[in-house]
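Trainee: Here my numbering is used: the first residue of the sequence shown is 704, the next is one more, and so on.
No lab work stands behind these hints, which were simulated from the structure alone. Quantities reported herein were computed from a predicted structural model and do not represent experimental measurements. Just so you know, even glycine gets a beta-carbon here, dropped at the ideal spot from N, CA and C. All the given hints hold, so there is nothing to weed out.
Here are the simulated lysine to aspartate or glutamate pairs, EDC-like style, with alpha carbons at most 20 Å apart:
no., residue 1, residue 2
1, K953, D1159
2, K946, E1166
3, K956, E986
4, K1142, E1172
5, K1058, E1102
6, K1242, E1209
7, K1058, D1103
8, K953, E1214
The calculated label-pair distances, taken between Cβ atoms and stated as ranges, are:
no., residue 1, residue 2, range
9, H1137, E968, 35 to 41 Å
10, G1040, M1094, 30 to 36 Å
11, S929, Q1039, 42 to 48 Å
12, L1177, E1134, 16 to 22 Å
13, A930, I822, 22 to 28 Å
14, Q872, S915, 31 to 37 Å
15, N890, I1246, 30 to 36 Å
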Amino acid sequence: MCGADALRSALIPPATSEVVGPACGSGPLGRKTALRVSCPNSSVPRRPQNSPGTRLQARETVLGLRPPAAGLQPAADAFMAGTRNKVEAPPAAPPNLADANGPSEPPRQLGEREIAAIIFDSISEGVFTVDQDCRITSFNRAAESISGFLRDEAIGQYCFDIFRSDICQTQCALRNTLANGTALNANRVTIITRDGRKVPISISTTLLRDASGRAVGAAEFFRDLSALENLEQQLENARQFGKLISSNLKMQKVFSLLPQIAESECNVLIQGPSGSGKELIAEAIHNLSPRKHNRYIRINCAALPENLLESELFGYTKGAFTDAKRDKPGHFLLAQGGTLLLDEIAEMPVSLQSKLLRVLNNGEFQPLGSTRTLRTDARILTSTNRDLAQMIRRGEFREDLYYRINVINVQIPPLRERLEDLPLLIDHFLEHLHKRRRKTIRGVSSEVLQRLRRYDFPGNIRELENAVEHAYVLCAGNVIRVEDLPEHIREATLGEGQRLPADSEEAMLRETLRRTGGNKAKAARELGIDRSTFWRKLKRFGIQS
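Generate the whole structure from the sequences, applying the supplied hints.
Mentor: Dropping the structure here:
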């Protein structure tokens, strides 16, 4: 922490200071003059210049700071004893010889106390010190800016009355440091400023000792995290779209198009492997559309036999078949004004596809056992994990229906082509598991990430979610290890000749570098490759950092 060691024992300047300057102008004697600067309001009588106690007598300092507590004075003396050199202030502008008032005065030299006070107020991080009772004894300018409290308002107050953080009453960092001498480093807390705003800060604490090693107080250093967390939130929002999470370029393109697709009100065909998130895409389209306040209904065409599927879609009237003792509306009618997702549309029988085509053409349908024609304006979304073009060639799917449902096509890549999303998805699943089970697991080891990147994931995101939950249950520590993974993932390796697409590999390299803070050696270890290979890949994709 900048300035921590240099200022630990001299954060509070004394009341008076001696400043020695060179010869003043061309006086009659040409002698050097000793200047004495003191607080005009000081009530302490002056002592002779060479008296050892002169510097410690005044009640207020040259810069307006309060005096240190009695226990802090030895630390201040120790600081002065170790720093006797004077630092000359920047030279003044050359005197104007034509000035009737004569040349300007030469620059004066600054004393150690003044230098310490200037450094204290120049630190970009907030700094304040407390005595053994947690009363504030000094407060720098950055602390004023972050907290909203002025120095005069803060000094003499208990620290918890000024900062009002979320740990003040239960786990006060300064109180713990004063009690056991343990320094705290970069803990995130939230404080309430003078005007009532909540501000996230990172705090560090250290114990202050005098020349004899006796603890006389503590110091806290803190910095505002608002800008950093805002940037992180913007980045997180760019990677998350509703319940969808991805940093993959193809998925990011899909995210950018979803608002326009949702507003269009046209039919959408969503294609992708099983477990890749097709249902989440459909739900996002509904939630972004003008129909979001009406019903969203999903029906799996592969889960129902033909007769039952027809009755579920179109409904039936009383007496239409055995046990039809009352009228039942179908999903086309129930989704009036809303959205209907026909999941796994490729599994719908061809005989039923012709009836669906009529609904898509003019919005008309007839319930089973009825001669009455009903109308619906439900928006139809469809999804499948099969290649409909091949099914059309084999006569398994109607070509005219394909063109009706495929007004806009959304392609979802499999997980094996977006491995850069693994850390994001793992963190997301662990967060949800923590809310349900309250188990303290921080994340996964780098070896686990390496093993998961070598796995093919035929079940895609759904399989990854199950694997994370399996490891979460078996994990006995704070970090998931390779032994906690399902056996088929532990033993599997990426097939020979199977490589990531170039854009996915580049995105994975960038994501790993971001996670490791730009540490290339650590990123290479996390990816399970040697450093030379990692450097070659960075050079191939033109990645600088």
